[in-house]
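Asker: Chains as they are written, first to last, in full-length UniProt numbering: chain R, 1 to 176; chain S, 1 to 418.
Watch out, some of these pointers could steer you wrong.
Stated by the list, open to error - In silico DSS-like pairs for lysine-lysine, Cα to Cα no more than 25 Å straight-line:
1. R:134 with S:75
2. S:262 with R:134
3. S:262 with R:156
4. S:332 with R:89
5. R:134 with R:43
6. S:338 with S:262
7. R:89 with S:9
8. R:89 with S:338
9. S:330 with R:86
10. R:134 with R:89
11. R:134 with R:81
12. R:118 with R:36
13. R:156 with S:333
14. R:86 with R:36
15. S:332 with R:86
16. R:98 with R:134
17. S:333 with R:89
18. S:338 with R:117
19. R:97 with R:134
20. S:9 with S:75
21. R:81 with S:330
22. S:262 with S:197
What the hints assert, rightly or not - What follows is a list of derived Cβ distance ranges for each label pair:
23. S:207 with R:65: 51 to 57 Å
24. S:255 with R:58: 58 to 64 Å
25. S:195 with R:101: 29 to 35 Å
26. R:47 with S:5: 23 to 29 Å
These are calculated hints, taken from the structure and not from any lab test.
These figures come from a predicted structure and were not determined experimentally.
We put the CB at the ideal spot given by N, CA and C, even for glycine.
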Amino acid sequence: MAEEVSSQMNSLSISETNPSSSATISLVSGDDIVFKVEPTIAKEMETVQSFIDETDGKITTIPLPNISSHDLPYVIEYCEKSIAGKITKEFEAEFVKKLNNEEVKELFLAANYLNIKKLLDFLSQVIADRIANKSVEYVRRYFGIENDFTPEEEAKLREELAWTFTGVDPDDEDEN
Amino acid sequence: MADWSQLPKDLLHLISQKLNSQFYQLRFRSVCSSWRSSTPQNHHNHHHHLNLPPKFPNPSNNDSTNDDSTFPLSKRTLFLISPPPNQQTLHPWLIKIGPDSRDQSHLWHPLSRDKHFPLHFPNLIDFNQLPVIDLGCEFVIGNFPSQSSSLPLNNSLYMEKVVVFDADADTWQIGNGKAKAKANRCSVLLTIHISGKLAVFRCGDERCDERWTIIPEMLTPYDDVCVFNGRPVAVDSTGRAVVVGADLSVELVAEPVFGGDKKFLVESDGELLLVDKYLSCLVSCLRDDGDGEGDGGGVYEIEHGFAECEFCEIGRERAVRFHVFRLDQKEKKWVEVKSLEDRVLFLGEDCAFSASAFDLRIGYGNCVIFRDDVYSDSQSSELGVGVFHLGQFRIAPLSCFPCYSMFFWPPPEWVGLH
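Same shape as in the complex, but just chain R (with noise of 0.2 Å):
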């Protein structure tokens, strides 16, 4: 069994990129689970390398109350590929299938929390994407955005949002 488990962490060691380096740091999620990663990783959030040169590296546990133990392996799995200099389009479209709009959303957030800039570009694209071509009325729904216009300021978008045909010209009736 105690092998079992040895061997398993070898091979968890090989795909590391420095196993010999200095302690793995632990992240904290929101529900109080957790996450021992490398110290490379903790690097490519920004956020939290701040917090660990601020204390010249003495403490090495870092609760992020933002960010949910759900969301904090997808943001890990994203750094890894980072590191590794695998974020491919592939990699990118596999990723944003496993995740679903409440997903992409709250991933954005944390991104943005732990100040990963590659990881937030690219969810902003993800989001761009899900919201490009739908109706506002669908935007609103997506974010859950109430619609607070005033009548006089709906009917100023209408106006920039629709396009209004004269109709004919007498001039064009001519024509024939």
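With chain R's structure known, arrange chain S on it following the hints.
Answerer: Using the frame of chain R, we list chain S on its own:
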């Protein structure tokens, strides 16, 4: 749960600038008042491009001194308008919308420069309520719709497809959202001169010369231009493709493929495709074999390159097939594509674009839809449009493909234009 109506400005900005169309950005601003106030309106309206002079000289007749030889530039957008979400069984509507030369909005045939659809009473299409896909835009220089009786000459001038993009004046790095100094921005027009050479017009920056510059480099005349991945690309009649740099140098993107008679560039699902159109000529032979019955004559069809017989009269050209290639950017070559899967390619006069069969709500894609005058009916004002199905290797007028013909005209009833 986060309140997305109160999203910080920089995050809203990050998302909105990923929306690759002005139309989508406009709609993003219409979600709620906080989003509206934090996402500035880039353009005073979505009908026009900024930084552009209202009138341009014709590149094949570069004389801007005289007002009679400059023509308005108009931008038109191709929309695929889907039925309301509760009416999924209905089919969508493909339409091109943009101003005419007098700044009045018109509905244009998606594949035509000049053909527009008449509306006999004032109408409004409210894009707030409908799912709309922005399939691309086109720019035309000239007075449209042309009024043959009152405005002679204007539109008989030779004018190829024009592409327009905003770019950094020095690098032609096209806006990727980074807040670059506005002063550095310029707008660039790229088209093909009557000689077959490329012509460029730069404006908006004080260093721009605001005139057409002909790029002397040309091995064989150019056939088509487009903007792909933010870079202006041109293809010549052999299929050799180049990218045009800010210094007006050209750099090879793909080696020639030869083959057909007319090359088109079209972006589909993030890839650049080359569509090669093969033409044949309809030939009327007037030869009489002497028996007085005149049965030696007739109408024949020949592929290009056929040696003409002295009695033959070459008639109209007709597309007989298409081959499609995909750009391999690393190898700098075109790779033949056997199937377009669920994509449908549209080859218009001023814009080539693509859509998925899924978005079009039809059972199959793998088709090229193109303009072909051979299919136009001289009796009606119907525009000639043909369809080539890659899998079946079949070519036929649009009317033979009912599921395709219904996206065009008339608009479906749910649009509310009836």
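Asker: If you check each hint against the structure, which ones fail?
Answerer: 2, 3, 5, 7, 11, 13, 18, 20 and 25
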